[in-house]
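Asks: Position in the sequence shown (first residue = 1) + 1 = our numbering.
Think about it this way: if two alpha-carbon atoms lie no more than 20 angstroms apart in a straight line, the pair counts; the simulated SDA-like pairs of lysine to any residue are: (1) K97 / A108; (2) K36 / L46; (3) K36 / W18; (4) K36 / D50; (5) K36 / F56; (6) K36 / S25; (7) K97 / R87; (8) K36 / E7; (9) K97 / E107; (10) K36 / A24; (11) K36 / L11; (12) K36 / E21; (13) K36 / R10; (14) K96 / A108; (15) K97 / L46; (16) K36 / N19; (17) K36 / Q51; (18) K36 / T4; (19) K97 / E85; (20) K96 / L84; (21) K97 / V109; (22) K36 / I5; (23) K36 / L26; (24) K36 / A53; (25) K97 / Q86; (26) K96 / E107.
Quick caveat, the hints were computed from the structure, so don't treat them as lab data. Quantities reported herein were computed from a predicted structural model and do not represent experimental measurements.
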Amino acid sequence: MHTIGERIRLLRLERGWNQEFLASLLRVSVPALSKMETGITDLNLSRLDQLAEVFGLSMAGLMSRNSGREGELGEEETLRRLLEQRDVELLALQKKVIGLLEELREAVEG
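Construct the entire structure; sequences and hints are all you get.
Replies: This is how it looks when you write it as structure tokens:
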């Protein structure tokens, strides 16, 4: 069982890429990539999408804990989790927008 960071590292090594090469594809520094691979940095959905594209995988394929092809049930579960995470992020952004609108209204009225 691998973490997403370990999965990124394994995919990079399977392709014979060094950290400098993958970092350049992602437009990040080597230390930033190293933090992704070691799990120090939490990855957001846009970064996961970028990684999936770079590796030529679906998001579910990137998130797969198996090095081979993921079964349909596993992909569905992975996609369900990604949708749940997206919903949480969307709710947080909605709350932030509401807060900013309230601040703006107070500034205009006050």
